[in-house]
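Residue numbers (the numbering used here), protein chains in the order written: chain A, 1 to 264; chain B, 265 to 552.
Hints are supplied without guarantee of correctness; some may be wrong.
Calculated pairs, DSBU-like style, for lysine-lysine (alpha carbon to alpha carbon, straight line, at most 30 Å) [unchecked claim]:
no., chain 1, residue 1, chain 2, residue 2
1, A, K9, B, K466
2, A, K92, A, K257
3, B, K542, B, K466
4, B, K365, A, K6
5, B, K447, A, K9
6, A, K6, B, K447
7, B, K364, A, K9
8, B, K542, A, K9
9, A, K261, B, K447
10, A, K98, B, K361
11, A, K96, B, K447
12, B, K364, A, K261
13, A, K92, B, K542
14, B, K339, B, K365
15, B, K361, B, K466
16, B, K365, A, K261
17, A, K9, B, K361
18, B, K361, A, K261
19, B, K364, A, K257
20, B, K462, A, K6
21, A, K257, B, K365
22, B, K364, A, K6
23, B, K361, A, K257
24, A, K128, A, K182
25, B, K405, A, K50
26, B, K361, B, K462
27, B, K361, A, K6
28, B, K466, A, K6
29, B, K405, A, K9
Taking beta-carbon pairs under 8 Å as the criterion, some of the chain A residues facing chain B (in silico) [as the list claims (entries may be wrong)]:
no., residue
30, I14
31, A16
32, I82
33, I110
34, E113
35, L120
36, P222
37, I225
38, F226
39, I237
40, S241
The hints are simulated quantities; they were obtained by calculation from the structure and are not laboratory data.
For glycine and all other residues, C-beta sits at the position ideal for the given N, C-alpha and C.
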Amino acid sequence: MMKQNKLTKSTFSIYAAFVYIILYMPIVVLIIFSFNDSTINAVWQGFTLKWYVGLFDNKEVLEAMWNTIVIGVISSLISTMIGTLAAVGMYKYNFKGKTVLDGMLYVPIIIPEIVMGIALLMFFSQFKAIFPLGTLTLILAHITFSISYVVVVVRARLEGFDRSLEEAAMDLGANQLETFVKVTLPIIMPGIVAGALLAFTLSVDDVIISFFVSGPGSTTLPLKIFSMVRFGVTPEINALSTIMLVVTLTIAVLSEKIRMKFSK
Amino acid sequence: MKNELGRKKDAGPLWTLSPVVLWLLAFLTVPFIIVIIMSFLTRGVYGQVEYTFSGEGYLRLLNSTYIKILVNSLKISLFTTALCLIFGYPFAYYIAKAPKKYRALLLMLIVIPFWTNSLIRTYAWITLLRTEGIINSYLIKLGLISNPIQMLYTDGVVLLGLVYTLFPFMVLPLYASIDNVDKAYLEAASDLGAPPVKTFLKVTLPLTMPGIVAGCLLVYIPTLGLFFIPDLMGGSKIMLISNLIKNQFLTARDWPFGSAISIVVIMITFVFIGVYFKLSGNKRAEVI
Chain A
1 MMKQNKLTKS TFSIYAAFVY IILYMPIVVL IIFSFNDSTI NAVWQGFTLK
51 WYVGLFDNKE VLEAMWNTIV IGVISSLIST MIGTLAAVGM YKYNFKGKTV
101 LDGMLYVPII IPEIVMGIAL LMFFSQFKAI FPLGTLTLIL AHITFSISYV
151 VVVVRARLEG FDRSLEEAAM DLGANQLETF VKVTLPIIMP GIVAGALLAF
201 TLSVDDVIIS FFVSGPGSTT LPLKIFSMVR FGVTPEINAL STIMLVVTLT
251 IAVLSEKIRM KFSK
Chain B
265 MKNELGRKKD AGPLWTLSPV VLWLLAFLTV PFIIVIIMSF LTRGVYGQVE
315 YTFSGEGYLR LLNSTYIKIL VNSLKISLFT TALCLIFGYP FAYYIAKAPK
365 KYRALLLMLI VIPFWTNSLI RTYAWITLLR TEGIINSYLI KLGLISNPIQ
415 MLYTDGVVLL GLVYTLFPFM VLPLYASIDN VDKAYLEAAS DLGAPPVKTF
465 LKVTLPLTMP GIVAGCLLVY IPTLGLFFIP DLMGGSKIML ISNLIKNQFL
515 TARDWPFGSA ISIVVIMITF VFIGVYFKLS GNKRAEVI
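All chains, please: the whole structure from these sequences, using the hints.
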């Protein structure tokens, strides 16, 4: 009995190790080969940084990088503000139509992205004069799908929040705004920061929705990678992908750490 | 909300909720209403939209070519979901039963690839699998094969790409529900003499049903939208519903037809979410 137990245990462990290897293999290989000194890219020839150097001479890539950062920063700031307010409102108040709003907040998370992409594309082209496809429409679209995620993260933080603290502040004569700024806000701050970082990564990472709402003059890094891949595979794309991997991973791990640290 | 305002007692709901309500109305509700209206309009000769009502978009979907694409997409999504479940369950089980101090790390290791851009992960597979790719190059160099093996542009590889991308969506809810199973039930079953396999089938599996259903939902729905995986890994040979929608908007410029297909995709999504609510008995989608 004991022996059999041990056997199943080690089988399980081997299986899990195998899954982890499969999960990481493509990513690790991609990173390693971005330093490969060979144009055909398939067999290791020696270490080089030339693909990275090449990227920084590439005007289109630099422009896409800049766009990605601008869109990411603006959309995460706005979605965090709207999302935080919404999470607080949903947590504190009961009102008619709360279930409807709740459902609406889940729509961007649940619906296939492609449908949201085309819906926004049609909406923007219906009002072309106000929303010409470009950086603005990318920002608006990213805010729309990020809000829901911010609400989810901030709400999770609010669930563990002790309401009596707010009541105490009010009893001591603080008005609503003061209570919010001095008591509620600091307590839910970790959730807000995690939400903002999440919104930023979602924005930097988005392919499908951006694909539909980007204009001729506005490319983001994932879209740039998409069009580069379609023209063929070069080590430059490996380098660009590696940069994106490192950036999004850093932010994601950071936001996860903040969330885990404070959500206990 | 109106009541609260009327009493002028608490403007909180107005301040906190009106931004999100306005935003969602403008950029979610209105766009979706446009999709619905568009799906009943007609495409003009030059790809413009004509404002004459018709159900033509939906009728065209009944054409056998499109039915085939739809059925094929649903099938590939089903396979993807099934494979994720088969590979994911033992894996999630392993993490849930791992010593507590390692669990956070093991989970983190699952979340990390999930955080990295799915397009980039797809591209990483392409560098491995293509004819001049890393696997073929090394196989030739080692003398194991003399001609490269064609691996890309097959159904199998599209499945691989989808399973790889969506795997964490299956594992996380499975982990949560396996972790939730009360040990007392398992002990009771084994005290009553049930062998491990029977305990698993009769106790663990039914108790983790909500996780299974949530995981399947979280995998199934995105498969309908990930157009770049069949695009890049399947070449032009494999046409899924997402590619069809994309082509209607970008190549064929038939927005009414593209909208009709999208509405069908939304309805399929809602059916699955409905099934999820029914099976899990949850009132909210507490899956993320």
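A quick look at each hint next to the structure:
no.	hint	verdict
1	A:K9 / B:K466	21 Å, holds
2	A:K92 / A:K257	27 Å, holds
3	B:K542 / B:K466	21 Å, holds
4	B:K365 / A:K6	20 Å, holds
5	B:K447 / A:K9	18 Å, holds
6	A:K6 / B:K447	19 Å, holds
7	B:K364 / A:K9	16 Å, holds
8	B:K542 / A:K9	35 Å, violated
9	A:K261 / B:K447	27 Å, holds
10	A:K98 / B:K361	39 Å, violated
11	A:K96 / B:K447	41 Å, violated
12	B:K364 / A:K261	16 Å, holds
13	A:K92 / B:K542	29 Å, holds
14	B:K339 / B:K365	40 Å, violated
15	B:K361 / B:K466	18 Å, holds
16	B:K365 / A:K261	15 Å, holds
17	A:K9 / B:K361	10 Å, holds
18	B:K361 / A:K261	22 Å, holds
19	B:K364 / A:K257	18 Å, holds
20	B:K462 / A:K6	19 Å, holds
21	A:K257 / B:K365	16 Å, holds
22	B:K364 / A:K6	18 Å, holds
23	B:K361 / A:K257	23 Å, holds
24	A:K128 / A:K182	43 Å, violated
25	B:K405 / A:K50	25 Å, holds
26	B:K361 / B:K462	18 Å, holds
27	B:K361 / A:K6	14 Å, holds
28	B:K466 / A:K6	23 Å, holds
29	B:K405 / A:K9	38 Å, violated
30	I14	10 Å, violated
31	A16	4 Å, holds
32	I82	5 Å, holds
33	I110	6 Å, holds
34	E113	5 Å, holds
35	L120	5 Å, holds
36	P222	5 Å, holds
37	I225	6 Å, holds
38	F226	6 Å, holds
39	I237	7 Å, holds
40	S241	5 Å, holds
Hint violations for this structure: numbers 8, 10, 11, 14, 24, 29 and 30, all remaining hints satisfied.
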